[in-house]
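> Sequence:
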Amino acid sequence: MDGGGWRPVKRTRTFEDVLAQIERRIAEDGLTAGDRLPAERQLAEQLGVSRSSVREAMRVLESLGVVSSQVGRGPDAGAVLISRPDSALTDLLRLHLGLASLELREVIDTRHMIEQWAASRAAAARADTSALADALSGMDAARTAEEFVEHDTAFHCAIADASGNRLISAIMRSLRDSMRRYAVEAVERLGDTSILRADHVRILEAIERGEADEAARAVSEHLAHAYPSLFSDGH
1 MDGGGWRPVK RTRTFEDVLA QIERRIAEDG LTAGDRLPAE RQLAEQLGVS RSSVREAMRV
61 LESLGVVSSQ VGRGPDAGAV LISRPDSALT DLLRLHLGLA SLELREVIDT RHMIEQWAAS
121 RAAAARADTS ALADALSGMD AARTAEEFVE HDTAFHCAIA DASGNRLISA IMRSLRDSMR
181 RYAVEAVERL GDTSILRADH VRILEAIERG EADEAARAVS EHLAHAYPSL FSDGH
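The numbers in the UniProt record's numbering rise by one with no breaks, and the one at position 140 of the sequence shown is 140.
Don't read these hints as lab results, they were simulated from the structure. Worth double-checking, as some hints may not be accurate.
[Said to hold, decoys possible] Between beta-carbon pairs, the in silico distance windows are:
{"no.": "1", "residue 1": "Q42", "residue 2": "I195", "range": "44 to 54 Å"}
{"no.": "2", "residue 1": "A141", "residue 2": "I195", "range": "29 to 39 Å"}
{"no.": "3", "residue 1": "V201", "residue 2": "A33", "range": "42 to 52 Å"}
{"no.": "4", "residue 1": "R166", "residue 2": "E106", "range": "15 to 25 Å"}
{"no.": "5", "residue 1": "R51", "residue 2": "A131", "range": "40 to 50 Å"}
{"no.": "6", "residue 1": "E221", "residue 2": "Y182", "range": "17 to 27 Å"}
{"no.": "7", "residue 1": "A133", "residue 2": "G164", "range": "15 to 25 Å"}
Virtual Cβ for every residue (Gly too), placed ideally from N, Cα, C.
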(Lines of atoms letter the chains of each structure in order from A and count residues from 1; the text may use other names and numbers.)
(Lines give C-alpha, C1' and ligand atoms only; values in the text may rest on other atoms or scores of the structure.)
Protein backbone atom coordinates (compact mmCIF):
# COMPACT_ATOMS: atom_id res chain seq x y z
CA MET A 1 0.00 0.00 0.00
CA ASP A 2 1.53 3.35 -0.96
CA GLY A 3 1.10 6.53 1.01
CA GLY A 4 -0.79 8.37 -1.70
CA GLY A 5 -4.20 7.43 -0.38
CA TRP A 6 -3.55 8.73 3.13
CA ARG A 7 -4.62 12.35 3.42
CA PRO A 8 -3.41 14.52 6.31
CA VAL A 9 -6.15 14.95 8.88
CA LYS A 10 -7.46 18.42 9.59
CA ARG A 11 -6.59 18.69 13.27
CA THR A 12 -3.24 17.44 14.51
CA ARG A 13 -2.88 15.25 17.61
CA THR A 14 -6.54 14.21 17.45
CA PHE A 15 -6.76 10.46 17.61
CA GLU A 16 -10.48 10.50 16.78
CA ASP A 17 -9.60 11.93 13.37
CA VAL A 18 -6.95 9.26 12.99
CA LEU A 19 -9.57 6.60 13.75
CA ALA A 20 -11.92 8.00 11.12
CA GLN A 21 -9.11 8.17 8.56
CA ILE A 22 -8.04 4.59 9.23
CA GLU A 23 -11.63 3.41 9.00
CA ARG A 24 -11.98 5.15 5.63
CA ARG A 25 -8.73 3.68 4.29
CA ILE A 26 -9.70 0.17 5.34
CA ALA A 27 -12.94 0.53 3.41
CA GLU A 28 -11.55 2.30 0.32
CA ASP A 29 -8.44 0.13 -0.03
CA GLY A 30 -10.49 -3.03 0.40
CA LEU A 31 -8.24 -4.24 3.21
CA THR A 32 -9.13 -7.63 4.66
CA ALA A 33 -8.00 -9.76 7.59
CA GLY A 34 -4.27 -10.40 7.43
CA ASP A 35 -3.42 -7.16 5.64
CA ARG A 36 -0.95 -4.87 7.35
CA LEU A 37 -1.36 -1.18 8.07
CA PRO A 38 1.65 1.14 7.68
CA ALA A 39 4.12 1.31 10.58
CA GLU A 40 3.35 3.83 13.32
CA ARG A 41 5.95 6.38 12.21
CA GLN A 42 4.97 6.10 8.55
CA LEU A 43 1.29 6.41 9.38
CA ALA A 44 1.92 9.48 11.54
CA GLU A 45 3.83 11.14 8.71
CA GLN A 46 1.20 10.29 6.10
CA LEU A 47 -1.66 11.59 8.26
CA GLY A 48 0.25 14.63 9.49
CA VAL A 49 -0.30 13.82 13.17
CA SER A 50 1.83 12.89 16.17
CA ARG A 51 2.87 9.30 16.75
CA SER A 52 1.04 9.40 20.09
CA SER A 53 -2.23 10.10 18.25
CA VAL A 54 -1.63 7.09 16.00
CA ARG A 55 -0.71 4.96 19.03
CA GLU A 56 -3.92 5.95 20.84
CA ALA A 57 -6.04 5.16 17.77
CA MET A 58 -4.39 1.77 17.42
CA ARG A 59 -5.01 1.07 21.10
CA VAL A 60 -8.74 1.63 20.58
CA LEU A 61 -8.79 -0.55 17.46
CA GLU A 62 -6.82 -3.26 19.24
CA SER A 63 -9.17 -3.23 22.23
CA LEU A 64 -12.05 -3.82 19.81
CA GLY A 65 -10.28 -6.73 18.12
CA VAL A 66 -9.93 -4.95 14.78
CA VAL A 67 -6.14 -4.90 14.64
CA SER A 68 -3.27 -6.74 16.29
CA SER A 69 -0.33 -4.50 17.07
CA GLN A 70 3.10 -5.83 16.20
CA VAL A 71 6.22 -4.70 18.04
CA GLY A 72 9.55 -4.43 16.33
CA ARG A 73 10.98 -2.62 13.35
CA GLY A 74 11.01 -2.90 9.63
CA PRO A 75 8.27 -4.54 7.57
CA ASP A 76 6.75 -6.30 10.59
CA ALA A 77 6.29 -3.15 12.68
CA GLY A 78 2.78 -2.22 11.49
CA ALA A 79 -0.50 -3.42 12.95
CA VAL A 80 -2.24 -6.33 11.25
CA LEU A 81 -5.94 -6.13 10.43
CA ILE A 82 -7.74 -8.97 12.22
CA SER A 83 -11.25 -8.17 11.08
CA ARG A 84 -12.91 -5.50 9.01
CA PRO A 85 -14.85 -2.87 10.99
CA ASP A 86 -18.52 -3.78 11.07
CA SER A 87 -21.48 -1.49 11.65
CA ALA A 88 -21.10 -1.72 15.43
CA LEU A 89 -17.51 -0.49 15.24
CA THR A 90 -18.47 2.26 12.81
CA ASP A 91 -21.09 3.43 15.29
CA LEU A 92 -18.49 3.42 18.05
CA LEU A 93 -16.05 5.46 15.96
CA ARG A 94 -18.84 7.93 15.30
CA LEU A 95 -19.29 8.09 19.06
CA HIS A 96 -15.63 9.07 19.41
CA LEU A 97 -16.18 11.92 16.97
CA GLY A 98 -19.46 13.19 18.40
CA LEU A 99 -18.89 13.22 22.15
CA ALA A 100 -17.80 16.84 22.32
CA SER A 101 -21.42 17.99 21.94
CA LEU A 102 -22.76 15.94 24.83
CA GLU A 103 -24.04 17.61 27.98
CA LEU A 104 -22.46 16.82 31.34
CA ARG A 105 -25.55 15.00 32.59
CA GLU A 106 -25.49 12.70 29.56
CA VAL A 107 -21.85 11.84 30.15
CA ILE A 108 -22.30 11.23 33.88
CA ASP A 109 -25.49 9.21 33.35
CA THR A 110 -23.55 6.95 31.00
CA ARG A 111 -20.56 6.69 33.32
CA HIS A 112 -22.87 5.92 36.24
CA MET A 113 -24.48 3.03 34.40
CA ILE A 114 -21.28 1.64 32.92
CA GLU A 115 -19.02 2.00 35.94
CA GLN A 116 -21.48 0.49 38.40
CA TRP A 117 -21.75 -2.58 36.19
CA ALA A 118 -18.01 -2.70 35.53
CA ALA A 119 -17.04 -2.37 39.20
CA SER A 120 -19.56 -5.04 40.17
CA ARG A 121 -18.30 -7.41 37.49
CA ALA A 122 -14.65 -6.74 38.39
CA ALA A 123 -15.37 -7.50 42.04
CA ALA A 124 -17.24 -10.70 41.22
CA ALA A 125 -14.29 -11.84 39.13
CA ARG A 126 -11.71 -10.78 41.76
CA ALA A 127 -9.96 -8.94 38.93
CA ASP A 128 -6.40 -7.66 39.08
CA THR A 129 -6.46 -4.20 40.69
CA SER A 130 -2.82 -3.21 40.15
CA ALA A 131 -3.73 -0.62 37.51
CA LEU A 132 -6.22 0.97 39.91
CA ALA A 133 -3.58 1.10 42.65
CA ASP A 134 -1.06 2.68 40.27
CA ALA A 135 -3.58 5.34 39.27
CA LEU A 136 -4.33 6.04 42.93
CA SER A 137 -0.61 6.59 43.57
CA GLY A 138 -0.51 8.97 40.63
CA MET A 139 -3.39 10.98 42.07
CA ASP A 140 -1.57 11.22 45.40
CA ALA A 141 1.50 12.64 43.66
CA ALA A 142 -0.44 15.08 41.44
CA ARG A 143 0.47 18.75 41.78
CA THR A 144 -2.31 20.27 39.68
CA ALA A 145 -5.96 19.58 38.97
CA GLU A 146 -5.01 18.55 35.44
CA GLU A 147 -2.49 15.99 36.71
CA PHE A 148 -5.00 14.67 39.24
CA VAL A 149 -7.63 14.24 36.52
CA GLU A 150 -5.16 12.43 34.27
CA HIS A 151 -4.67 9.73 36.90
CA ASP A 152 -8.30 9.86 38.00
CA THR A 153 -9.29 9.10 34.42
CA ALA A 154 -6.81 6.21 34.32
CA PHE A 155 -8.43 4.86 37.50
CA HIS A 156 -11.89 4.86 35.98
CA CYS A 157 -10.72 3.37 32.69
CA ALA A 158 -8.99 0.66 34.75
CA ILE A 159 -12.35 -0.19 36.36
CA ALA A 160 -13.76 -0.73 32.88
CA ASP A 161 -10.72 -2.81 31.90
CA ALA A 162 -11.11 -4.93 35.04
CA SER A 163 -14.66 -5.84 34.01
CA GLY A 164 -13.17 -7.97 31.24
CA ASN A 165 -15.51 -6.49 28.62
CA ARG A 166 -13.54 -4.93 25.75
CA LEU A 167 -16.48 -2.93 24.43
CA ILE A 168 -17.09 -1.37 27.86
CA SER A 169 -13.38 -0.45 27.95
CA ALA A 170 -13.59 1.13 24.50
CA ILE A 171 -16.69 3.14 25.41
CA MET A 172 -15.05 4.42 28.59
CA ARG A 173 -12.03 5.54 26.59
CA SER A 174 -14.40 7.23 24.16
CA LEU A 175 -15.95 9.14 27.06
CA ARG A 176 -12.56 10.09 28.48
CA ASP A 177 -11.84 13.22 26.46
CA SER A 178 -15.42 14.47 26.61
CA MET A 179 -15.39 14.42 30.41
CA ARG A 180 -11.88 15.81 31.00
CA ARG A 181 -12.89 19.48 31.10
CA TYR A 182 -15.80 18.75 33.43
CA ALA A 183 -13.56 16.63 35.64
CA VAL A 184 -10.93 19.36 35.99
CA GLU A 185 -13.66 21.87 36.87
CA ALA A 186 -15.05 19.46 39.48
CA VAL A 187 -11.66 18.98 41.11
CA GLU A 188 -10.99 22.72 41.14
CA ARG A 189 -14.42 23.35 42.65
CA LEU A 190 -13.84 20.81 45.42
CA GLY A 191 -10.36 22.08 46.18
CA ASP A 192 -9.70 19.29 48.67
CA THR A 193 -9.46 15.92 46.91
CA SER A 194 -9.39 13.86 50.11
CA ILE A 195 -13.03 12.80 49.74
CA LEU A 196 -12.38 11.66 46.16
CA ARG A 197 -9.32 9.74 47.33
CA ALA A 198 -11.36 8.04 50.05
CA ASP A 199 -13.95 7.11 47.41
CA HIS A 200 -11.28 5.59 45.18
CA VAL A 201 -9.85 3.56 48.05
CA ARG A 202 -13.34 2.30 48.86
CA ILE A 203 -13.93 1.23 45.25
CA LEU A 204 -10.53 -0.44 45.06
CA GLU A 205 -10.97 -2.34 48.32
CA ALA A 206 -14.49 -3.49 47.44
CA ILE A 207 -13.21 -4.94 44.15
CA GLU A 208 -10.28 -6.58 45.95
CA ARG A 209 -12.64 -8.17 48.49
CA GLY A 210 -15.00 -9.38 45.77
CA GLU A 211 -17.93 -7.36 47.12
CA ALA A 212 -19.88 -6.62 43.96
CA ASP A 213 -22.77 -4.68 45.50
CA GLU A 214 -20.45 -2.54 47.61
CA ALA A 215 -18.26 -1.79 44.59
CA ALA A 216 -21.28 -0.58 42.60
CA ARG A 217 -22.52 1.47 45.57
CA ALA A 218 -19.09 3.03 46.04
CA VAL A 219 -18.98 4.11 42.38
CA SER A 220 -22.43 5.69 42.64
CA GLU A 221 -21.60 7.64 45.79
CA HIS A 222 -18.26 8.72 44.31
CA LEU A 223 -19.94 10.28 41.29
CA ALA A 224 -22.40 12.02 43.62
CA HIS A 225 -19.48 13.54 45.52
CA ALA A 226 -17.75 14.67 42.33
CA TYR A 227 -20.89 16.07 40.66
CA PRO A 228 -23.30 16.96 43.50
CA SER A 229 -25.49 19.22 41.37
CA LEU A 230 -26.48 16.28 39.18
CA PHE A 231 -27.39 14.04 42.10
CA SER A 232 -29.07 16.60 44.38
CA ASP A 233 -32.44 15.92 42.75
CA GLY A 234 -32.35 12.26 43.68
CA HIS A 235 -30.65 11.38 40.41
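> Going back to the hint list, which numbers does this structure go against?
2 and 5
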